[in-house]
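Colleague: So you can see what is in the structure, the chains are spelled out below.
There are 6 protein chains.
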Amino acid sequence: RMPNQPISGNDLARFAGPQTFMRLPEAQGPAGLDVVIMGIPMDIGTSWRSGTRFGPKQIRQESAMIRPYNLQTGAAPFDSLQVADMGDVAINTFSLAESLRIIESAYDGLHDYPVVPATLGGDHSLTLPILRSIAKKHGPVALVHVDAHADVNDEMFGERETHGTVFRRAYEEGLLVPDLVYQIGLRGTGYTAEDFSEAAGWGFNMITAPEIWHKSLTPLGQEIRQAIGDHPCYLTYDIDSLDPAYAPGTGTPEIGGLTTPQAMELIRALRGLNIVGFDMVEVSPMYDTSGNTALTAANLMFEILSILPGVAYR
Amino acid sequence: RMPNQPISGNDLARFAGPQTFMRLPEAQGPAGLDVVIMGIPMDIGTSWRSGTRFGPKQIRQESAMIRPYNLQTGAAPFDSLQVADMGDVAINTFSLAESLRIIESAYDGLHDYPVVPATLGGDHSLTLPILRSIAKKHGPVALVHVDAHADVNDEMFGERETHGTVFRRAYEEGLLVPDLVYQIGLRGTGYTAEDFSEAAGWGFNMITAPEIWHKSLTPLGQEIRQAIGDHPCYLTYDIDSLDPAYAPGTGTPEIGGLTTPQAMELIRALRGLNIVGFDMVEVSPMYDTSGNTALTAANLMFEILSILPGVAYR
Amino acid sequence: RMPNQPISGNDLARFAGPQTFMRLPEAQGPAGLDVVIMGIPMDIGTSWRSGTRFGPKQIRQESAMIRPYNLQTGAAPFDSLQVADMGDVAINTFSLAESLRIIESAYDGLHDYPVVPATLGGDHSLTLPILRSIAKKHGPVALVHVDAHADVNDEMFGERETHGTVFRRAYEEGLLVPDLVYQIGLRGTGYTAEDFSEAAGWGFNMITAPEIWHKSLTPLGQEIRQAIGDHPCYLTYDIDSLDPAYAPGTGTPEIGGLTTPQAMELIRALRGLNIVGFDMVEVSPMYDTSGNTALTAANLMFEILSILPGVAYR
Amino acid sequence: RMPNQPISGNDLARFAGPQTFMRLPEAQGPAGLDVVIMGIPMDIGTSWRSGTRFGPKQIRQESAMIRPYNLQTGAAPFDSLQVADMGDVAINTFSLAESLRIIESAYDGLHDYPVVPATLGGDHSLTLPILRSIAKKHGPVALVHVDAHADVNDEMFGERETHGTVFRRAYEEGLLVPDLVYQIGLRGTGYTAEDFSEAAGWGFNMITAPEIWHKSLTPLGQEIRQAIGDHPCYLTYDIDSLDPAYAPGTGTPEIGGLTTPQAMELIRALRGLNIVGFDMVEVSPMYDTSGNTALTAANLMFEILSILPGVAYR
Amino acid sequence: RMPNQPISGNDLARFAGPQTFMRLPEAQGPAGLDVVIMGIPMDIGTSWRSGTRFGPKQIRQESAMIRPYNLQTGAAPFDSLQVADMGDVAINTFSLAESLRIIESAYDGLHDYPVVPATLGGDHSLTLPILRSIAKKHGPVALVHVDAHADVNDEMFGERETHGTVFRRAYEEGLLVPDLVYQIGLRGTGYTAEDFSEAAGWGFNMITAPEIWHKSLTPLGQEIRQAIGDHPCYLTYDIDSLDPAYAPGTGTPEIGGLTTPQAMELIRALRGLNIVGFDMVEVSPMYDTSGNTALTAANLMFEILSILPGVAYR
Amino acid sequence: RMPNQPISGNDLARFAGPQTFMRLPEAQGPAGLDVVIMGIPMDIGTSWRSGTRFGPKQIRQESAMIRPYNLQTGAAPFDSLQVADMGDVAINTFSLAESLRIIESAYDGLHDYPVVPATLGGDHSLTLPILRSIAKKHGPVALVHVDAHADVNDEMFGERETHGTVFRRAYEEGLLVPDLVYQIGLRGTGYTAEDFSEAAGWGFNMITAPEIWHKSLTPLGQEIRQAIGDHPCYLTYDIDSLDPAYAPGTGTPEIGGLTTPQAMELIRALRGLNIVGFDMVEVSPMYDTSGNTALTAANLMFEILSILPGVAYR
Ligand SMILES: [Mn+2]
Ligand SMILES: [Mn+2]
Ligand SMILES: [Mn+2]
Ligand SMILES: [Mn+2]
Ligand SMILES: [Mn+2]
Ligand SMILES: [Mn+2]
Ligand SMILES: [Mn+2]
Ligand SMILES: [Mn+2]
Ligand SMILES: [Mn+2]
Ligand SMILES: [Mn+2]
Ligand SMILES: [Mn+2]
Ligand SMILES: [Mn+2]
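Quick mapping for you: the protein sequence lines, in order, are chains A, B, C, D, E and F. The first sequence begins at 49 in the numbering used here and counts up one residue at a time. The second sequence begins at 49 in the numbering used here and counts up one residue at a time. The third sequence begins at 49 in the numbering used here and counts up one residue at a time. The fourth sequence begins at 49 in the numbering used here and counts up one residue at a time. The fifth sequence begins at 49 in the numbering used here and counts up one residue at a time. The sixth sequence begins at 49 in the numbering used here and counts up one residue at a time.
Bound conformation, chain A alone (with noise of 0.2 Å):
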């Protein structure tokens, strides 16, 4: 039997049908699920712009100009895994440490099933609760994070849990394999010139965007997915890695960022890692009201979506 399939946008106009993503059908709970879908609606995590509690909304939209078959890599996600919408979490708007304590209990509602979970931000804070939760299943996971910041700040305001610091209290929670930890498209300004080079010390590997500026980023992904193996690895996708050009719907853009073709050069690069679950963060729509940005990350998504274990190619 073949499993859920996105509405056809030759069945049903694009603009039609439910916002789910790529239109996929909803599930009230991850049993039958290989990847489930949820949306994390949040921005009070951010220092800069507010906006990204939109994005998992605009996500959706904008998915639904996607077509279920990956033309340029042959990947056909959804002949072979089974995938559905749990639509959103119920954070709380009005706290920060309380909507991180209701997300991590979501997530381990999520894993007595072994299923894959793909989020949709929401500001970056959302991911620290994600990786206690996957740790919990999979113990420390390696780390693939394409972002303009390394968010390994210690505090910001006194807080130690926001969008800048979750790096940091992964690290310090033992979380992730620190030498298995890659950060790529690292840039933009900082406090003192130690910013990146205590996390460099810990292990964690940082690529900064000046080293692959004009470079095609197949060898770096390639690269990457040898030194991870086959350990379980966490995809944390933060869209202002890109340039703003590209993504300028966000709420800390830095330019001299990444384009969209190094992005899926990446993300085609890494197929054959044991993904165990992925975030896509920081869409803030109000910043592109042309819808581009949100667009740009569903794509990504999709991208992720194809190279999880178990794909078929055609």
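Note that these hints are calculated values from the structure, not bench results. Beta carbons are placed, not taken as given, at the ideal position from N, Cα and C, and that holds for glycine. Take the hints with a grain of salt, since some may be wrong.
Said to hold, decoys possible - Straight-line alpha carbon distances no greater than 30 Å define the calculated DSS-like cross-link-like pairs of lysine-lysine that follow: (1) B/K263 to C/K263; (2) B/K263 to D/K263; (3) F/K263 to A/K263; (4) C/K263 to D/K263; (5) E/K263 to A/K263; (6) F/K263 to E/K263.
Unchecked claim - For each label pair, taking beta carbons as the anchor points, the in silico distance ranges come out as: (7) A/D227 to D/Q76: 45 to 55 Å; (8) B/D156 to D/E246: 41 to 51 Å; (9) B/G157 to E/D202: 26 to 36 Å.
Please arrange chains B, C, D, E and F with the ligands on chain A, whose structure you already have, making use of the hints.
Modeller: Just chains B, C, D, E and F with the ligands, lined up with the frame of chain A:
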């Protein structure tokens, strides 16, 4: 047993959850429903700006802000009526003629049940097939038509079925009781002095905008309600009836229109009508990036729901 | 023989065809015309937001929605007057002073013919050279000036000719009959208590916005029409006279302004005036991406065309 | 000696100069000031659209268009009061609870001086700590609260301090004289029939929007002024009290609201109140790219400054 | 005698003058012209976002910034070719099928003259009737088709003539020399693995985007030019071939597309082709409020004009 | 003693605090400063879209996101240089000629001190008076001019001083060492084949965009740095040098421009130049509602600050 309730904004943040009207449950069919919300995402019947194909999506999105109880009038529509969202009609976006056939057929299917169809447009051409279907069930109906335009052209580019010819066709086909047709808010410019006078000759009651500037519409609404009495009545609401200050996001705006207080007064004064169907058309989201035109449409939908036969008042 | 007609929206779709005002024919000169549409695309006379240089373009674009017959009043301006669009004055965008000289000279050329110039602005400084040219032909004129601002400053940054000094200069130069000057819609804030009182001392009739809030402007218009009688009259319409809700796309908006019903009432009540020229200024398109401010300006231009001497009513 | 004056738009172009409120001087502390302008840039207390964190910035930017003299009323606030801009409160953008503590403490510091705090928001949750601080100094105060919403919820997502619970908390804590609370412009939808009635039971005077549609608010303002008399009074102005046509740039808009003439009438009629503090909240700039909502907020701030005790009238 | 010249930006400010392409003269018919600019304002053939009906208007508006001499290549198209703007085809905006018939007939009329039609779209469905008309005159043509999409679907919603089926129809009808068809920039997602392979089987040469990422397109352009040689060639340019970063204002954007340097390299390398017609389609202005997508389209039109047979180089 | 530091985003939220460049302290004069930030808010020298008058405001606003340490290069400009923001030059917005005189005089005042002026524009015409002032102090300077346009026209509308004639005037007046002038990124279209060649004849080194497409600009920057050596050098950065994908918010965009990686490579490779002044011009905020063009300008300002003589590297 309590009927369907919208998801509360205190249970799930408004920017979360399903993108149905007011986050009501979806339904696969009309069985058991008193009111069915139906989207018709189309814009190929428009003559100036397009974009109404995204109207249903954005009205649903903005409707998440509406709470279930009408504080100003006491109406509690979801206490007494079973309402659900059936999604969108699968129109053919490449053929207006074919789309009108599809819509009529879809509404014929609804009319096997004792349900009030509440339609989110979409351009105004969709009202013609709905009226055809309504008339099969109810015979010629009374009509409350709030619009800047009478939509009584004979042809546009040789086409007899467009967003500007709807009510001439409906008249010719005997779908309406001409003396019980009320067109409210008419204004703008025309091609001849007879643009309105012919329809007036059929018996249509035409209330132009200048007649109601600066006035409460409560008396007008009461007068119409009394004239129509218990006759089955269809209510068609073109958002361009509102002044562009109040509803900038529409395709053929005309200055000097209704205010939202007037729109609400009118609807509230119509309470008691035997409404057998209604629609909200011509919201074109890209012309109002704030979302407020769609929010207005959603609120007026709620106001109409609040006056349906059988609604409890507290 | 029928005069020039706008291209009908039923012959050629509104988004097609030439971008002249109402898609009227172009003219190379004023010979044979009763009314000439003239654009003056400039913004170097503005003191806050710029962008009015694109005003004529967008007013013309949005004017494509207007049909030739004024349904609300019965006026048929194109049945009785020969109207054409002469395009734009070739101002010098780097020099305000030089531009004012160019404008005056261009209008002097028009005034060799018995033509009413109808000007699309552009910032309000353009009215000064037009009045200079008008006064050469007609002597001091009556003035109906609809605006949030009196534009009677003496100097701005030491400059005596800007969008804020127009009517003091015109007064000083004897271009106006002071007792027949009506400034309507004045409001906003000022530098001294005397901002308005000096001009009142010259004889100017100043009607501030609070005096006309919540009121029909038909009585005021009728009163002005009677006071001015047959005296040659110039009508200058600053779009910022409207409330920013009704005309957001302008450079120096002031809250608490006119509604579009009031604007139309005022113009319609002025029917009978001996209008020898008029303008529509201060539309700044980038501050209203919906296009509706320009649409409003186009409609008000049409309303003024509808009351010109000699217009037939049906 | 003349108090601080705004930089004149004739001395320095409005788009130049410091981005303080009306380009008044900055101040490091309240010593010597009659009125202190204070920004509270926050949006983590909002329940629907975010973005009010940029409210203070844009209100200050747009305030550059306001001149120092109130032409319509004769008020000359800067002739009699020493006003300066103290910048922004250093809230903790990751914690609403912590931010409320910071705000209260900051205002306690102000209240060592005989100064009227004039606050630019920010979401409405900031009014609660201000009232706490105000009450320490003045005891329970009268309240004029202009808003679409009563903000008297008990909890939202289990939180007791959000932008929707402010005035219940203030009531419970005895910060208000309930009989001297006036909530004006209430409308929208609710969760129960009791949404407003409980607060009415406490003594709150609730004036819903439909009660004041089409009416001058001068009588209402006068009535309130008389009822409150000399009692210390706090004025809190939620920009969403205005209709979305007049103030689209806000987070929880409700149709059928006040017009700006009504807003100005109300404030002007309140002249004579013993105002001990006031705020202007809920401006969310990204939802109005014209800047006009912030301009409106800036003008209403100026109108309130114009009625403060001690202001000279010319 | 010098052919038609665009109005110089130093003679008449760019924001002034007629809204023809590059402010060239209008023409009533093709007699005496080498190249005719023709607009086809339509969007009823689009499957996702609409709005291309305003494409010709905005491309013409933005084209006012282009000067007549191609500084980068030395081309002086207006020294050697007589070019004028014939305005827009009078399509029927309510019927796609009828519009395609009107377009074909309009181009048949052009083809009585030795003129190269240069078309401003409008959605891509307009290319089918143009090719039908072209083939009547020139027989099957070579095709350079730059696009994110192959547009070789068989049907969409049962319709055989839409913006997604153009080149299958053209192939079936023998309008093309299949081996001389080059489709460049293909990418995005599909419904089956065979989406592209069937057309490849016909002989179409399909160059997908990943094949040309990070590369100069000069070699590809030279290769195509040599392969096509002197065969009559039609060039169809879908603006969505560009990456959405470079052309956000379009209806079906696909990430990972061409850059504008690549687009210019490709066109310049095609110099020498026997181009018998070309078009620029799918610009949807509302999705790029900066106007830059239309500016890009205008510049690419100019680049193609610069390589037409007979153009002088300095 | 540590020099002035930007307010940290961890001490005061980025959306709070003064709107100075990077939230540095304000200064009343240049005494004691190494670098002075100066705004020149003007747009009356522009030839197409206006709006650069708001450039300094928005660059300052977006600069709040920049942290003080250049993570990618190790530069710590605020450890070694005393930098402050002196606000805006009080130009006369009604007279370009007068404004240029005011600017020259303002900069003459600066040059009594050993300070590097860092200017936020404003349109490019402001660079002419700055160069006049610079040359009085330093004699003819080397020039690094990054721009889509050479700005070497002789006249525009008969005016000799506009944003398009700056560097011809500077050449004629002997303000530059022609052999040490580097114009980088030139492209677009022109009026004759000689548009660039005349300036090349003066000795100007012109690097057109096609010469550097797809390339790192590090080698070019190094070559320029070596050629200029220690000669006093002015750096003028027109944001339209960037491709419109990267900087949509500008007045005369030209496709096929620089990427932000190229812009940063170029600046970083220029380290070692004896920079005596620099500017960042032509940001027009309304054409990029995301704010990202201004953010880009702010970042490039920071990159230039990072290469000033005397900056410490960690
Ligand atoms: Mn991140
Ligand atoms: Mn990031
Ligand atoms: Mn209608
Ligand atoms: Mn209508
Ligand atoms: Mn004016
Ligand atoms: Mn004005
Ligand atoms: Mn509130
Ligand atoms: Mn409120
Ligand atoms: Mn195509
Ligand atoms: Mn395409
Ligand atoms: Mn320049
Ligand atoms: Mn330039």
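Colleague: Would you mind marking each hint as holding or not holding in the structure?
Modeller: Against the structure, the hints:
1. For the given pair, B/K263 sits about 11 Å from C/K263 by alpha-carbon distance, which is consistent with the 30 Å threshold.
2. Between B/K263 and D/K263 the alpha-carbon distance is near 10 Å, which keeps this suggested pair within the 30 Å criterion.
3. Pair hint F/K263 plus A/K263 holds up; C-alpha atoms about 10 Å apart against a cutoff of 30 Å.
4. Of the supplied pair hints, the one linking C/K263 and D/K263 holds, its CA atoms being roughly 10 Å apart against a limit of 30 Å.
5. Distance hint between E/K263 and A/K263 is fulfilled; the C-alpha atoms sit about 10 Å from each other, no more than 30 Å.
6. Note on F/K263 and E/K263: the hinted pairing holds, with a Cα-Cα distance of about 10 Å set against a maximum of 30 Å.
7. Hint check: A/D227 to D/Q76, Cβ distance near 50 Å, so the stated range 45 to 55 Å holds.
8. Roughly 48 Å separates the CB atoms of B/D156 and D/E246, a value that falls within the hinted 41 to 51 Å.
9. In this structure the hint that B/G157 and E/D202 lie 26 to 36 Å apart at CB holds, the actual value being about 29 Å.
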